[in-house]
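Peer 1: Read off the chains here:
There are 2 protein chains.
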Amino acid sequence: IAKEVAKLLEMKAQLGGDEGKHKFVLKTPKGTRDYSPKQMAIRERVFNAIVTCFKRHGAEVIDTPVFELKETLTGKYGEDSKLIYDLKDQGGELLSLRYDLTVPFARYLAMNKITNIKRYHIAKVYRRDNPAMTRGRYREFYQCDFDIAGQFDPMIPDAECLKIVHEILSDLQLGDFLVKVNDRRILDGMFAVCGVPDSKFRTICSSVDKLDKMPWEEVRSEMVGEKGLSPEAADRIGEYVQLNGGLDLIERLLQDPKLSQNKLAKEGLGDMKLLFEYLTLFGITGKISFDLSLARGLDYYTGVIFEAVLLQQENSHVEESVSVGSVAGGGRYDGLVGMFDPKGRKVPCVGVSIGIERIFSILEQRVEASEEKIRTTETQVLVASAQKKLLEERLKLIAELWDAGIKAEVLYKKNPKLLNQLQYCEETGIPLVAIVGEQELKDGVVKLRDVATREEVNVRRESLVEEIRMRTSQP
Amino acid sequence: IAKEVAKLLEMKAQLGGDEGKHKFVLKTPKGTRDYSPKQMAIRERVFNAIVTCFKRHGAEVIDTPVFELKETLTGKYGEDSKLIYDLKDQGGELLSLRYDLTVPFARYLAMNKITNIKRYHIAKVYRRDNPAMTRGRYREFYQCDFDIAGQFDPMIPDAECLKIVHEILSDLQLGDFLVKVNDRRILDGMFAVCGVPDSKFRTICSSVDKLDKMPWEEVRSEMVGEKGLSPEAADRIGEYVQLNGGLDLIERLLQDPKLSQNKLAKEGLGDMKLLFEYLTLFGITGKISFDLSLARGLDYYTGVIFEAVLLQQENSHVEESVSVGSVAGGGRYDGLVGMFDPKGRKVPCVGVSIGIERIFSILEQRVEASEEKIRTTETQVLVASAQKKLLEERLKLIAELWDAGIKAEVLYKKNPKLLNQLQYCEETGIPLVAIVGEQELKDGVVKLRDVATREEVNVRRESLVEEIRMRTSQP
Chain A
1 IAKEVAKLLE
11 MKAQLGGDEG
21 KHKFVLKTPK
31 GTRDYSPKQM
41 AIRERVFNAI
51 VTCFKRHGAE
61 VIDTPVFELK
71 ETLTGKYGED
81 SKLIYDLKDQ
91 GGELLSLRYD
101 LTVPFARYLA
111 MNKITNIKRY
121 HIAKVYRRDN
131 PAMTRGRYRE
141 FYQCDFDIAG
151 QFDPMIPDAE
161 CLKIVHEILS
171 DLQLGDFLVK
181 VNDRRILDGM
191 FAVCGVPDSK
201 FRTICSSVDK
211 LDKMPWEEVR
221 SEMVGEKGLS
231 PEAADRIGEY
241 VQLNGGLDLI
251 ERLLQDPKLS
261 QNKLAKEGLG
271 DMKLLFEYLT
281 LFGITGKISF
291 DLSLARGLDY
301 YTGVIFEAVL
311 LQQENSHVEE
321 SVSVGSVAGG
331 GRYDGLVGMF
341 DPKGRKVPCV
351 GVSIGIERIF
361 SILEQRVEAS
371 EEKIRTTETQ
381 VLVASAQKKL
391 LEERLKLIAE
401 LWDAGIKAEV
411 LYKKNPKLLN
421 QLQYCEETGI
431 PLVAIVGEQE
441 LKDGVVKLRD
451 VATREEVNVR
461 RESLVEEIRM
471 RTSQP
Chain B
1001 IAKEVAKLLE
1011 MKAQLGGDEG
1021 KHKFVLKTPK
1031 GTRDYSPKQM
1041 AIRERVFNAI
1051 VTCFKRHGAE
1061 VIDTPVFELK
1071 ETLTGKYGED
1081 SKLIYDLKDQ
1091 GGELLSLRYD
1101 LTVPFARYLA
1111 MNKITNIKRY
1121 HIAKVYRRDN
1131 PAMTRGRYRE
1141 FYQCDFDIAG
1151 QFDPMIPDAE
1161 CLKIVHEILS
1171 DLQLGDFLVK
1181 VNDRRILDGM
1191 FAVCGVPDSK
1201 FRTICSSVDK
1211 LDKMPWEEVR
1221 SEMVGEKGLS
1231 PEAADRIGEY
1241 VQLNGGLDLI
1251 ERLLQDPKLS
1261 QNKLAKEGLG
1271 DMKLLFEYLT
1281 LFGITGKISF
1291 DLSLARGLDY
1301 YTGVIFEAVL
1311 LQQENSHVEE
1321 SVSVGSVAGG
1331 GRYDGLVGMF
1341 DPKGRKVPCV
1351 GVSIGIERIF
1361 SILEQRVEAS
1371 EEKIRTTETQ
1381 VLVASAQKKL
1391 LEERLKLIAE
1401 LWDAGIKAEV
1411 LYKKNPKLLN
1421 QLQYCEETGI
1431 PLVAIVGEQE
1441 LKDGVVKLRD
1451 VATREEVNVR
1461 RESLVEEIRM
1471 RTSQP
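These protein sequences, in sequence, are chains A and B.
If you're matching positions, the first sequence starts at 1 in this note's numbering and goes up one per residue.
If you're matching positions, the second sequence starts at 1001 in this note's numbering and goes up one per residue.
Some clues are possibly wrong.
List of simulated lysine-lysine pairs, DSS-like, C-alpha gap at most 27 Å [said to hold, decoys possible]: (1) 343/A with 1003/B; (2) 1227/B with 407/A; (3) 1388/B with 273/A; (4) 1070/B with 27/A; (5) 1055/B with 413/A; (6) 414/A with 1027/B; (7) 1124/B with 30/A; (8) 343/A with 1027/B; (9) 1263/B with 273/A; (10) 414/A with 1263/B; (11) 1082/B with 124/A; (12) 1263/B with 413/A; (13) 27/A with 1082/B; (14) 82/A with 1030/B; (15) 55/A with 1396/B; (16) 1082/B with 447/A; (17) 27/A with 1346/B; (18) 82/A with 1027/B; (19) 1266/B with 413/A; (20) 1417/B with 55/A; (21) 1413/B with 263/A; (22) 113/A with 1413/B; (23) 88/A with 1388/B; (24) 124/A with 1027/B; (25) 1343/B with 3/A; (26) 1414/B with 287/A; (27) 413/A with 1388/B; (28) 70/A with 1055/B; (29) 1273/B with 414/A.
Computed Cβ-Cβ distance ranges for the label pairs, DEER-style [said to hold, decoys possible]: (30) 452/A with 1375/B: 37 to 47 Å; (31) 326/A with 1111/B: 28 to 38 Å; (32) 1112/B with 326/A: 28 to 38 Å; (33) 1221/B with 344/A: 57 to 67 Å; (34) 1052/B with 52/A: 11 to 21 Å; (35) 443/A with 1055/B: 30 to 40 Å; (36) 170/A with 1427/B: 55 to 65 Å; (37) 1338/B with 418/A: 40 to 50 Å; (38) 378/A with 1297/B: 31 to 41 Å; (39) 418/A with 1111/B: 27 to 37 Å; (40) 1415/B with 243/A: 43 to 53 Å.
Keep in mind the hints are simulated off the structure, nothing from the lab.
Beta carbons: idealized from backbone N, C-alpha and C, even for Gly.
Next comes chain A alone, as it looks inside the complex (with noise of 0.2 Å):
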């Protein structure tokens, strides 16, 4: 049916002479979207639990332009960067819009000297990706980044990123969650051990990534078939990748007789045990587990990585709609910093990035479901009149509210009703109305009313913020 829309649409603009002029489309760009107030007050309220959870770690916050210059993106996303919005020459730089957060944040550091930072940073970012809106993606989409950069004694940084994981998932009560942890030393080690090619390690792991989303064999089928491994090299990645497990699974591997034997297997096994005994000292092992399938997508992980995803619940109709997928990811990235500075020098980082949009639409669509009244301003009092010719003790009584720093609206109206004063109260839920009229003027009172129990009381005017501050504040 669209189709045939769009087709009838694209007849009649092709037949309108004059018509022609107003004959554009008003939307907004494929994969993009406006936020109505009521989706900007559920946005804040998570960008607000997320901000509090990095500042309590003790991060600064940063900014970097929307754009950046085409070669700082370039070589950085392996096969992604064809998904790179790029601008049009328009004479002078060439420029593309940032995919993410890291990469500008890498050049950051290379560019100012810094080798020891820990910042967050919260910001849009671009992808010509096939978006599917439905389940939160976007072509334009918030990232919520927290990253820590120095040369540090190993895992505590990284036990503090997934402390972070943890704490904002919980508070955030998106239901049971599970946060996945791997190293990509001990990836590589095992397709060593199990016999793959150095040259196929790469393609190999973008194979192992796709286990969430495909059954083994499927996996096994595109690593021999399509990418030319041996079936007994398969086979023997097949029996680690579905190893999970806390503690025991790393102590057991440590023993293991091929994976032992290989220097960065080795290397990696050692440090996810060091890991673990500070995530214990945490208390948060429950929700970690390490897992031998994760392997992410990005090239520029170099050690630990992970992956929050987020439990299917059972009796819960509300979230069926909504793909349960990852919500949280990041690793170690030892060597992006030194591909932007002249000689090379690394800086190691490590950082989590919160993936915003779908949290987003998860609690939309609950917030939906709820029939949750939002509040989408913050007015304390609404201003009114119950008599005409009132207007400019309306104006003046709404100066003084504002000037003592009072929360206040007032009708556009130079005589309004009383009852559409009120119903405006209703709707947008203004707890408080201060009416004027000829007789309180005289008396030198206001009268408040409370929209909630339609309660009325006179207060004498230099009482009348304090009383408005005491009766809306939070307890």
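Given chain A, work out where chain B should sit, using these hints.
Peer 2: Just chain B now, kept in the frame of chain A:
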């Protein structure tokens, strides 16, 4: 010199073989900048003041994508359209980066058939201008917009916009300021009675707009020489545009034998009178000036226009290097939404845009000159140890603090020296240190140290959270 260097670098790049790999320029695009944590701290202060004011006036918040369909922006900015950033055609829709927040707002209203809203929007906009970055002018910069859309009684929302400008500029303590006010209808009426042909209204208006940068003589010769206006007409305009004042001037012009005969001018002057009556009730006429030389460039204004300027302060060496100019502006645009509506339905709008970048530049320079120390984190306590081998105890304690909502940090070292830990607090402004040691662990206490006074007390572990909260609560 810069040219010479560029030439040499180019030659070097051509010579360099393998070296060429790292030879890209490490910079942000022309006219853009990163924000460091310190700059972000100042920026957030300013945003906070502005958002607090917008919320005080009952505004909702919306967001729109950073790019729009190219045709959405077409025909809205007159001459300035050449400054719009286009995206490269990579297949699909033709897109442009937004040039301001007003046109996307109008598109949003028309698209969602909203006829009544009071909203703010704070976001970056993009202009391929020649930036003067020392004066706070960039190609990527923030706008903070507050707009009231809807059919209301005259001048009440317009007066509120001016009240908002007054509140924000007072709150930010940027020094003395003046808000110039005029009306497009008064300008057009004035042009008519001065003998400007209808076809020259827009171009003569843009000459008048230059009066804040050029003396009248130059503007006059542009009108007569370049734009072919008769010298008599120009001289008549010259008499009007030097006028400014308050209610008295409005009354005088309402009696002006020529202006009072012009329908548009009379309407404009009548509304201006009403506006000044409301501004008197708000108590802000002291900083408002009705100024016939104010024109404002954008095509879409239809009624009241205004612009706030900072007044140069005597004896202030700090701000001399910052060009003191417009820090806020706005006006009424009753026709813009109708340009997007398929049936041309109008939604009257009036709004104000705060020039945050210039304000930010001034405050940044002021902070630098004052040597005020700005904290870039909010950390309340550093978890430290005086002896070795206490990493585990530090991690256990900090997890307890985080889980209780305390903002806490720990150095990412196994065995940091106490001196280094204390120094970190001095540098970053952390007020408290919680020290764990063998003895304290045995006694079930933590040593709490005040960084400023160097006083130390033992606090029972179960009272630690409460004690930290008490000592770091804002007065």
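Peer 1: Does each hint hold? Answer for all of them.
Peer 2: Results for each hint:
no.	hint	verdict
1	343/A with 1003/B	25 Å, holds
2	1227/B with 407/A	49 Å, violated
3	1388/B with 273/A	21 Å, holds
4	1070/B with 27/A	11 Å, holds
5	1055/B with 413/A	21 Å, holds
6	414/A with 1027/B	56 Å, violated
7	1124/B with 30/A	20 Å, holds
8	343/A with 1027/B	16 Å, holds
9	1263/B with 273/A	83 Å, violated
10	414/A with 1263/B	24 Å, holds
11	1082/B with 124/A	26 Å, holds
12	1263/B with 413/A	25 Å, holds
13	27/A with 1082/B	23 Å, holds
14	82/A with 1030/B	24 Å, holds
15	55/A with 1396/B	19 Å, holds
16	1082/B with 447/A	56 Å, violated
17	27/A with 1346/B	18 Å, holds
18	82/A with 1027/B	23 Å, holds
19	1266/B with 413/A	23 Å, holds
20	1417/B with 55/A	25 Å, holds
21	1413/B with 263/A	25 Å, holds
22	113/A with 1413/B	22 Å, holds
23	88/A with 1388/B	58 Å, violated
24	124/A with 1027/B	20 Å, holds
25	1343/B with 3/A	24 Å, holds
26	1414/B with 287/A	25 Å, holds
27	413/A with 1388/B	72 Å, violated
28	70/A with 1055/B	39 Å, violated
29	1273/B with 414/A	16 Å, holds
30	452/A with 1375/B: 37 to 47 Å	41 Å, holds
31	326/A with 1111/B: 28 to 38 Å	32 Å, holds
32	1112/B with 326/A: 28 to 38 Å	32 Å, holds
33	1221/B with 344/A: 57 to 67 Å	60 Å, holds
34	1052/B with 52/A: 11 to 21 Å	19 Å, holds
35	443/A with 1055/B: 30 to 40 Å	32 Å, holds
36	170/A with 1427/B: 55 to 65 Å	32 Å, violated
37	1338/B with 418/A: 40 to 50 Å	33 Å, violated
38	378/A with 1297/B: 31 to 41 Å	35 Å, holds
39	418/A with 1111/B: 27 to 37 Å	34 Å, holds
40	1415/B with 243/A: 43 to 53 Å	34 Å, violated
The structure shown violates the earlier hints numbered 2, 6, 9, 16, 23, 27, 28, 36, 37, 40.
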